[in-house]
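Visitor: Read top to bottom, the protein sequences are chains A and B. Residues in the first sequence are numbered from 667 upward in steps of one, following my numbering. Residues in the second sequence are numbered from 12 upward in steps of one, following my numbering.
A couple of the hints might just be wrong.
The list that follows gives simulated cross-link-like pairs (lysine to aspartate or glutamate, DMTMM-like), each with its CA atoms no further than 20 Å apart [claimed, not checked]:
1) B:LYS186 - B:GLU174
2) B:LYS78 - A:ASP885
3) A:LYS852 - A:GLU842
4) A:LYS901 - B:ASP116
Ranges of calculated distance between the beta carbons of each label pair, as one might list FRET restraints [as the list claims (entries may be wrong)]:
5) B:PRO108 - A:VAL920: 32 to 42 Å
6) B:LEU317 - A:GLY881: 38 to 48 Å
7) A:GLY881 - B:PRO108: 26 to 36 Å
8) A:ILE672 - B:GLU182: 34 to 44 Å
9) A:PHE767 - B:PRO108: 49 to 59 Å
10) A:THR831 - B:PRO108: 43 to 53 Å
11) A:TYR797 - B:GLU100: 32 to 42 Å
Honestly, the hints are just simulated from the structure, not real lab data. Because the structure is a prediction, the values reported are computed rather than measured. Even glycine gets a Cβ: it sits at the ideal position worked out from N, Cα and C.
What follows is the residue order along each chain.
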Amino acid sequence: MLSYIIRRVGYSVVMLVLVSFVGFVIIELPPGDFLTQLLTELEGRGDRSAEDRVTELRLRYGLDIPLLPRYVKWATNFVRGDFGESFALERPVREVIAQRFWLTCALAVASILLVWIVAIPIGVFSATNQYSIGDQIFTTISFIGLGVPGFLLALLLLFYVVQFTDVDILGLFSREYRDAPWSFAKFVDLLKHLWLPALIGSITGTAGLIRIMRGNLLDTLGQPFVESARARGLKSRTVTWKHAVRMAINPLIVILGSEALPGIIVGNALVATVLNLPTIGPEFVRALQRQDMYLAGTTLVFFTLILLVGNLLADLALAWLDPRIRLE
Amino acid sequence: MATAVLDSEVLLDIRDLQVHFDVRRGTVRALEGVNFTIRKSKTLGVIGESGSGKSVTARAIMQLLAKNGSIVSGEMLYNRQRDDSGDSELIDIAQQPSDSQLMRDLRGGEIAMIFQEPMSSLTPVYTAGLHIGESIQLHLKPRQTVGDQMAKAIARQNRIPREEARQIAVEMLDKVGIPRPEERVVSYPHELSGGQRQRVMIAIALSCGPKLLIADEPTTALDVTTQAQINDLMLDLQEEFGMAIMYITHDLGVIAEMAEDIAVMYLGRIVEQGTTDAIFYNPQHPYTRALLRSIPRIGQTEGSRLEVIEGMVPDPFSIPTGCPFNNRCPDVMPGICDARMPELLTAGDGQRAACLLHDPDTMQEVTRARVH
Numbered sequence: 667m668l669s670y671i672i673r674r675v676g677y678s679v680v681m682l683v684l685v686s687f688v689g690f691v692i693i694e695l696p697p698g699d700f701l702t703q704l705l706t707e708l709e710g711r712g713d714r715s716a717e718d719r720v721t722e723l724r725l726r727y728g729l730d731i732p733l734l735p736r737y738v739k740w741a742t743n744f745v746r747g748d749f750g751e752s753f754a755l756e757r758p759v760r761e762v763i764a765q766r767f768w769l770t771c772a773l774a775v776a777s778i779l780l781v782w783i784v785a786i787p788i789g790v791f792s793a794t795n796q797y798s799i800g801d802q803i804f805t806t807i808s809f810i811g812l813g814v815p816g817f818l819l820a821l822l823l824l825f826y827v828v829q830f831t832d833v834d835i836l837g838l839f840s841r842e843y844r845d846a847p848w849s850f851a852k853f854v855d856l857l858k859h860l861w862l863p864a865l866i867g868s869i870t871g872t873a874g875l876i877r878i879m880r881g882n883l884l885d886t887l888g889q890p891f892v893e894s895a896r897a898r899g900l901k902s903r904t905v906t907w908k909h910a911v912r913m914a915i916n917p918l919i920v921i922l923g924s925e926a927l928p929g930i931i932v933g934n935a936l937v938a939t940v941l942n943l944p945t946i947g948p949e950f951v952r953a954l955q956r957q958d959m960y961l962a963g964t965t966l967v968f969f970t971l972i973l974l975v976g977n978l979l980a981d982l983a984l985a986w987l988d989p990r991i992r993l994e
Numbered sequence: 012m013a014t015a016v017l018d019s020e021v022l023l024d025i026r027d028l029q030v031h032f033d034v035r036r037g038t039v040r041a042l043e044g045v046n047f048t049i050r051k052s053k054t055l056g057v058i059g060e061s062g063s064g065k066s067v068t069a070r071a072i073m074q075l076l077a078k079n080g081s082i083v084s085g086e087m088l089y090n091r092q093r094d095d096s097g098d099s100e101l102i103d104i105a106q107q108p109s110d111s112q113l114m115r116d117l118r119g120g121e122i123a124m125i126f127q128e129p130m131s132s133l134t135p136v137y138t139a140g141l142h143i144g145e146s147i148q149l150h151l152k153p154r155q156t157v158g159d160q161m162a163k164a165i166a167r168q169n170r171i172p173r174e175e176a177r178q179i180a181v182e183m184l185d186k187v188g189i190p191r192p193e194e195r196v197v198s199y200p201h202e203l204s205g206g207q208r209q210r211v212m213i214a215i216a217l218s219c220g221p222k223l224l225i226a227d228e229p230t231t232a233l234d235v236t237t238q239a240q241i242n243d244l245m246l247d248l249q250e251e252f253g254m255a256i257m258y259i260t261h262d263l264g265v266i267a268e269m270a271e272d273i274a275v276m277y278l279g280r281i282v283e284q285g286t287t288d289a290i291f292y293n294p295q296h297p298y299t300r301a302l303l304r305s306i307p308r309i310g311q312t313e314g315s316r317l318e319v320i321e322g323m324v325p326d327p328f329s330i331p332t333g334c335p336f337n338n339r340c341p342d343v344m345p346g347i348c349d350a351r352m353p354e355l356l357t358a359g360d361g362q363r364a365a366c367l368l369h370d371p372d373t374m375q376e377v378t379r380a381r382v383h
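Take these sequences, add in the hints, and give me the full structure.
Guide: So, in structure tokens, the structure goes:
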């Protein structure tokens, strides 16, 4: 087991290096990015302080050395925690991301919890009552949930809430807490605001997971071990949950690690934009639009990191849950 | 409750059992009046081609039919012996809802079943010991030895403590011939071979001391040497535990070795039932005879072809009228066999056969018609 973990971590590191290289090339790629513009502008000014600044920037980002050493320089800085500067925001990338990272995580965890708590029981019900009225209703709803994009839902909800209620749903905090230091009251306020974006962000995921859970469980319920469990005289509820669901849920762990976690952190940029949430997603999109390349590249590497960690956790969880995997 | 009285030697008496399945194309009449009896501590072999209703019969006895299947009519009278008083009561299994407490007590407790696919009959994420323990904790009541222990056990819903269940599991694994049972009790299914998994299935089935063991083609998925071992094991355990066995197979060689009684099924009916000797040495139904002729024999003239039964098993939606075997029967009497339904009647060496050739009324008419 330990060697398995070490091996997996090893693969992850290799993967991370590859992706970070791609990320770096993307940073370097576009003509007309912020840095070039800034340099041109500074050089155009031609005064003493501008020249100093140009030299400093050239030195810092290694503009005079070839690509590969430049990458090494960037990567070393990255590992040290120096991600470069967001030129658009005129702040270090590190600050920009740190500010949004925890809220993003909170939202992601809330969404995932919501998805699982809602989707698993419904999926189980649908499978054990296949073709019943309840199953048909849930199937219809889940197809609608799959079909309607999250941002559209966010817009509709936004319209409804703003039009008909006086609830403040934009952002994750009420106005008075927005810039306040962390306190218990602020945390409670966060929870008050969190459920709605979490709900919207989780609808597509929930719908998908219901379908997957239903399909998996139907497959599993047809397996001989389910029949033999029933033949032992177990209650049908015990057969369903202890034997069938326990087996049907394994593939979902993989989905959780490889799709759900990164998907919710990254993929909900649109929903977050609509709801004006201070998460990483919209900032990433803005960074790409402004060609704020150090911010974009760093975010990209972070997304990869989350994806890799998610995958690793999922694989470990699966190995823990399924003895057949433990051996390999 | 059934009013009928059973011979005290009879464990299970199935009378006119009919099971239908609703499918998109209509209704499949999987069982069309099945009659047979299983005697206490004896083995009944059930043979027949695929689709003859052997497995459906087994699942009907367990009340484990698929959702679209239902018992339409008939009785399944189970002679339940009360261990404490020695009294017996008669239960008509056909009348019991599948998920009722009584049915769940019977299933696994008094009527256990082992299946065709030992490879996938154990839940992959649970150990052999957990499977056996699950059954034990469900069906066995704690031994009434120490008062203190009893009180504790009763407090815990009258369950056998986990540690004791594990001990019984180890004993059972030892009984079914699994080497190093202490280690194997924590093995996962994928760590066991096919034969070992079937042994574990047998250990689960017998852990609660059932009166009837239904074995649905238990060796089909195993290789030949393992088959023989499993069959021997079942015979040994029958001697030790004294349970009756309903052994479903299409292997006539195995059945001759295993069973005291044989029921031959064709298209959802019993066409012949009798003792193994009677069926093998003096078969009365043309279908049974055809089945026996189709066994390859050592010493058979080289180059001669193996006999087969003419034709195919009919599609479930186009079963011939009259005797269902009439379109493949070598002894068919045209105009009679496709018009009348034969009943199970005594014939030959005390067995019963459902063939118009053994129906005295029909045969009288036939002779009369010939004379005229």
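Visitor: For each hint, tell me whether it holds in the structure or not.
Guide: Right, here's what the structure says about each hint:
For the given pair, B:LYS186 sits about 19 Å from B:GLU174 by alpha-carbon distance, which is consistent with the 20 Å threshold. For the suggested pair B:LYS78 and A:ASP885, the alpha carbons sit about 15 Å apart, so the restraint of at most 20 Å is met. For the hint linking A:LYS852 to A:GLU842, the alpha-carbon distance of about 9 Å falls within 20 Å, and the restraint holds. The suggested pairing of A:LYS901 with B:ASP116 holds, with an alpha-carbon distance near 10 Å, which does not exceed 20 Å.
Between B:PRO108 and A:VAL920 the beta carbons are some 39 Å apart, a value that agrees with the proposed interval 32 to 42 Å. Take B:LEU317 and A:GLY881: their Cβ atoms lie about 45 Å apart, and the range 38 to 48 Å holds. A beta carbon spacing of about 29 Å between A:GLY881 and B:PRO108 agrees with the range 26 to 36 Å that was offered as a hint. The supplied range of 34 to 44 Å is met by A:ILE672 and B:GLU182, whose beta-carbon atoms lie about 41 Å from each other.
At about 56 Å, the beta-carbon gap between A:PHE767 and B:PRO108 stays in the expected band of 49 to 59 Å. Between A:THR831 and B:PRO108 the beta carbons are some 50 Å apart, a value that agrees with the proposed interval 43 to 53 Å. For the pair A:TYR797 and B:GLU100, the beta carbons lie near 38 Å from each other, so the given range of 32 to 42 Å is met.
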